[in-house]
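Residue numbers (the UniProt record's numbering), protein chains in the order written: chain A, 1 to 364; chain B, 1 to 364.
Treat each hint with caution, since some may be false.
Identical copies look the same in the list; a pair holds intra-copy or inter-copy alike.
Result set (SDA-like, lysine to any residue): computed pairs, CA atoms no more than 25 Å apart in a straight line [unchecked claim]:
| # | residue 1 | residue 2 |
| --- | --- | --- |
| 1 | K224 | I280 |
| 2 | K244 | L58 |
| 3 | K157 | H329 |
| 4 | K157 | Y341 |
| 5 | K244 | I306 |
| 6 | K157 | R173 |
| 7 | K224 | D247 |
| 8 | K224 | G314 |
| 9 | K74 | G158 |
| 10 | K224 | D299 |
| 11 | K157 | Y29 |
| 12 | K157 | Y144 |
| 13 | K157 | H349 |
| 14 | K157 | A333 |
| 15 | K244 | H86 |
| 16 | K157 | R260 |
| 17 | K74 | A166 |
| 18 | K74 | R221 |
| 19 | K74 | A300 |
| 20 | K224 | P95 |
Note that these hints are calculated values from the structure, not bench results.
Given next are the chains, with one letter for each unit.
There are 2 protein chains.
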Amino acid sequence: MSWTLTADRIAELARGAAVLGTGGGGDPYIGSLLAAQALAEHGPVTVVSLDEVPDDALVLTVAMMGAPTVMVEKLPSLEEVIAPVHALDTYLGRPVTHVACAEIGGVNSTIPVAAAAALGLPLVDADGMGRAFPELQMVLPTLYGVTASPLAFGDEKGNVGVLNTADNHWTERIARVACVEMGCSIMISGFPMSGSVAREALVPGSLAHCLAIGSGITAARAAKADAVAATVELLGGREFFSGKVVDVERGTTAGFARGRARIDGADSSLDLAFQNEHLIARSGDEVFVTTPDLIIVLDAESGEPITTEGLRYGQRVRVIAAPSDPRWHSAEALAMVGPGYFGYDLPSHRFDGTAERVLEGVTA
Amino acid sequence: MSWTLTADRIAELARGAAVLGTGGGGDPYIGSLLAAQALAEHGPVTVVSLDEVPDDALVLTVAMMGAPTVMVEKLPSLEEVIAPVHALDTYLGRPVTHVACAEIGGVNSTIPVAAAAALGLPLVDADGMGRAFPELQMVLPTLYGVTASPLAFGDEKGNVGVLNTADNHWTERIARVACVEMGCSIMISGFPMSGSVAREALVPGSLAHCLAIGSGITAARAAKADAVAATVELLGGREFFSGKVVDVERGTTAGFARGRARIDGADSSLDLAFQNEHLIARSGDEVFVTTPDLIIVLDAESGEPITTEGLRYGQRVRVIAAPSDPRWHSAEALAMVGPGYFGYDLPSHRFDGTAERVLEGVTA
Numbered sequence: 001m002s003w004t005l006t007a008d009r010i011a012e013l014a015r016g017a018a019v020l021g022t023g024g025g026g027d028p029y030i031g032s033l034l035a036a037q038a039l040a041e042h043g044p045v046t047v048v049s050l051d052e053v054p055d056d057a058l059v060l061t062v063a064m065m066g067a068p069t070v071m072v073e074k075l076p077s078l079e080e081v082i083a084p085v086h087a088l089d090t091y092l093g094r095p096v097t098h099v100a101c102a103e104i105g106g107v108n109s110t111i112p113v114a115a116a117a118a119l120g121l122p123l124v125d126a127d128g129m130g131r132a133f134p135e136l137q138m139v140l141p142t143l144y145g146v147t148a149s150p151l152a153f154g155d156e157k158g159n160v161g162v163l164n165t166a167d168n169h170w171t172e173r174i175a176r177v178a179c180v181e182m183g184c185s186i187m188i189s190g191f192p193m194s195g196s197v198a199r200e201a202l203v204p205g206s207l208a209h210c211l212a213i214g215s216g217i218t219a220a221r222a223a224k225a226d227a228v229a230a231t232v233e234l235l236g237g238r239e240f241f242s243g244k245v246v247d248v249e250r251g252t253t254a255g256f257a258r259g260r261a262r263i264d265g266a267d268s269s270l271d272l273a274f275q276n277e278h279l280i281a282r283s284g285d286e287v288f289v290t291t292p293d294l295i296i297v298l299d300a301e302s303g304e305p306i307t308t309e310g311l312r313y314g315q316r317v318r319v320i321a322a323p324s325d326p327r328w329h330s331a332e333a334l335a336m337v338g339p340g341y342f343g344y345d346l347p348s349h350r351f352d353g354t355a356e357r358v359l360e361g362v363t364a
Numbered sequence: 001m002s003w004t005l006t007a008d009r010i011a012e013l014a015r016g017a018a019v020l021g022t023g024g025g026g027d028p029y030i031g032s033l034l035a036a037q038a039l040a041e042h043g044p045v046t047v048v049s050l051d052e053v054p055d056d057a058l059v060l061t062v063a064m065m066g067a068p069t070v071m072v073e074k075l076p077s078l079e080e081v082i083a084p085v086h087a088l089d090t091y092l093g094r095p096v097t098h099v100a101c102a103e104i105g106g107v108n109s110t111i112p113v114a115a116a117a118a119l120g121l122p123l124v125d126a127d128g129m130g131r132a133f134p135e136l137q138m139v140l141p142t143l144y145g146v147t148a149s150p151l152a153f154g155d156e157k158g159n160v161g162v163l164n165t166a167d168n169h170w171t172e173r174i175a176r177v178a179c180v181e182m183g184c185s186i187m188i189s190g191f192p193m194s195g196s197v198a199r200e201a202l203v204p205g206s207l208a209h210c211l212a213i214g215s216g217i218t219a220a221r222a223a224k225a226d227a228v229a230a231t232v233e234l235l236g237g238r239e240f241f242s243g244k245v246v247d248v249e250r251g252t253t254a255g256f257a258r259g260r261a262r263i264d265g266a267d268s269s270l271d272l273a274f275q276n277e278h279l280i281a282r283s284g285d286e287v288f289v290t291t292p293d294l295i296i297v298l299d300a301e302s303g304e305p306i307t308t309e310g311l312r313y314g315q316r317v318r319v320i321a322a323p324s325d326p327r328w329h330s331a332e333a334l335a336m337v338g339p340g341y342f343g344y345d346l347p348s349h350r351f352d353g354t355a356e357r358v359l360e361g362v363t364a
């Protein structure tokens, strides 16, 4: 069933995207500014479910690539957002019919809204991850054999490139060094898929889910209910830690925002490690949750999601674990997005809704 | 007047290219292997003078990009050489009609021969520099407003990209980081030009000149004459130093072979600084020749050119200065290829055939 996305929903979409971004994906606020502008200029966007996409459609993902720390300082123009799509149109020799989100976290939930509005195309209610991940090959379509390339990229200076690579990891490698050289933040479009492939390879319903999470926080707050608990329920997750941010180490290296944060609870400390997104949550040697499952930091009072670049000393936070799309737990998927890929010599600690120990200080 | 380039001339072309490469441009031997193979498989190449290129021709340069230190270990296949040309064919939507050399030094004098043979296209007797330079925007066409992009690049793994950039410096920047990521050596094709623009912007007759230099060394050696003197005469240059290589510092950084060499003469030492190509020749504070004029190191006995990566302790060498194409001495050109661009706080010391002091130990 198709529905219409209007400008008044963008703030809630962005809030949900900050939750699903698991700390990364870029601050959705900048994407929401652009989406609101595009909807104001070009009218609302039609969101179609995967079921409604014709088999022979040409679906492309549209995304911002780069370090979130830099993205927040470089709001792209609408022209910049759609330039890679036009480059692919030309390269493929046929018109794009649908826009999709590569990831449903962070800025890349709202940027495709802006693209769809500016292009006058429907947006698919789906995404490639069900969350956010830091590298472009880290989407379920890669597991289904969908090639990232031809993938186009562009920047605010008018530079545009089209890559056709040996595999999706090479698309990431070449686009990433270009991204760093071009100022650590570029627009990309790629993963051309037919409707039938998109139906198989994407996560269905993620835009609606993201909106529900965002509006759930708003509604809980209005009702003076616990917004964190509302989010936990929508995610099928669990709150497993609460405390005060006491230490944040953050650097922008090789095109990523990498770092770690420490949160002190009543009796113990939680260490979070991130590369754009939160990857590992542990206390001393005890590991609680790891990528690909979701680690989400929320403001303890308001339930507002906090991105890794927004973490500050003294914040009172509550930390949620939630299950990822189950397809991320296959051996092939874990090789791509598991702890080992990011350099952690740890098995993946799968969140199943019951196995996580609830630590001290949790109020819900 | 057109002429035919056959496999038996390739060794001499490569030798001349090592002279005009001023130490850089990659070891022409690896390009000569590929050119000989292409001529054997596809037959001889027709070389046409710039006068013969139709006004509406589509001329493209074909070149290898990367660190010469790496190029010598990565002989490309013919498929790899022509893949970027095919990518541009498709991108431009019309067939390429002529191949041209971006530079007449090093591997990039013989690689276009291989490309022309494999593509069945005529090769233009011209190049973009009249020598070799380390960065891709450093061609006379840049001064005539010819855009490097669309520029295509490709590697041995099957990765291909097409860039359309804001200016030629951005083409260099993005292609260079891609090149480094792809293993420090890639094939490129770009600078699409009409015949009339090529006539204005390229250096005419450079292939024939290069062949004459190479065969001049061979002939002098056969006649037991001085091969260095023969080269000096063909270049309109001057031998200004001779001695023994006593020190070579060389590193491959940011995609370039950078370093310096010291040559001890009878009473003084000559210091050469290079970035792929020789840039500066000086003795203490006294500067003798600088980029864009040519600094060429030849074996003292055989007159064989020595590339910067071929410099070794103990070699007895003679050093030549020769004038570049005069267009390289405009203020705009010097901003692009003069000593200052490479980080040397020196005025350009123009070689005029008489101004250079002849130092001790010179035998000619």
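Exercise for the section: Tell me, please, which holds for K157 and Y144 at an alpha-carbon limit of 25 Å: within, between, both or neither? Expected result: between (35 Å within a copy, 22 Å between copies)
Handout entry: Status of A300 relative to K74 across identical chains (alpha carbons, at most 25 Å)
Key = neither (29 Å within a copy, 57 Å between copies)
Practice task
At 25 Å max between alpha carbons, let me know whether K244 reaches I306 within a copy, between copies, both or neither.
Solution key: Only inside one copy: K244 and I306 sit 13 Å apart there, 65 Å across copies, limit 25 Å.
Handout entry: Homomeric proximity label, K157 with R173: Cα distance no greater than 25 Å
Key = both (21 Å within a copy, 13 Å between copies)
Handout entry: Copy assignment of K74 with A166, given that the CA separation must stay at most 25 Å
Key = Intra 31 Å, inter 18 Å, cutoff 25 Å: inter-copy only.
Handout entry: Up to 25 Å CA-CA - Y29 versus K157, copy category
Key = within (23 Å within a copy, 39 Å between copies)
Practice task
At 25 Å max between alpha carbons, let me know whether K244 reaches H86 within a copy, between copies, both or neither.
Solution key: Answer is neither; intra-copy 46 Å and inter-copy 58 Å both fail.
Exercise for the section: Classify it for me, K157 with Y341: is the Cα-Cα distance of at most 25 Å met within a copy, between copies, both or neither? Expected result: between (33 Å within a copy, 22 Å between copies)
Problem - Status of G158 relative to K74 across identical chains (alpha carbons, at most 25 Å) - result: So K74 and G158 pass the 25 Å test inside one copy only (14 Å; across, 33 Å).
Exercise for the section: State whether the alpha carbon distance between K224 and I280 is at most 25 Å within one copy, between copies, both, or neither. Expected result: neither (32 Å within a copy, 74 Å between copies)
Exercise for the section: Could you figure out if K244 and L58 sit no more than 25 Å apart (CA to CA) within one copy, between two copies, both or neither? Expected result: neither (47 Å within a copy, 65 Å between copies)
Exercise for the section: Have a look at K157 and R260 and pick one of within, between, both or neither, based on CA distance no larger than 25 Å. Expected result: The answer is neither: 33 Å in one copy and 36 Å across copies each exceed 25 Å.
Checked against the numbered hints given earlier, this structure breaks hints 1, 2, 3, 7, 13, 15, 16, 18, 19, 20; the rest are met.
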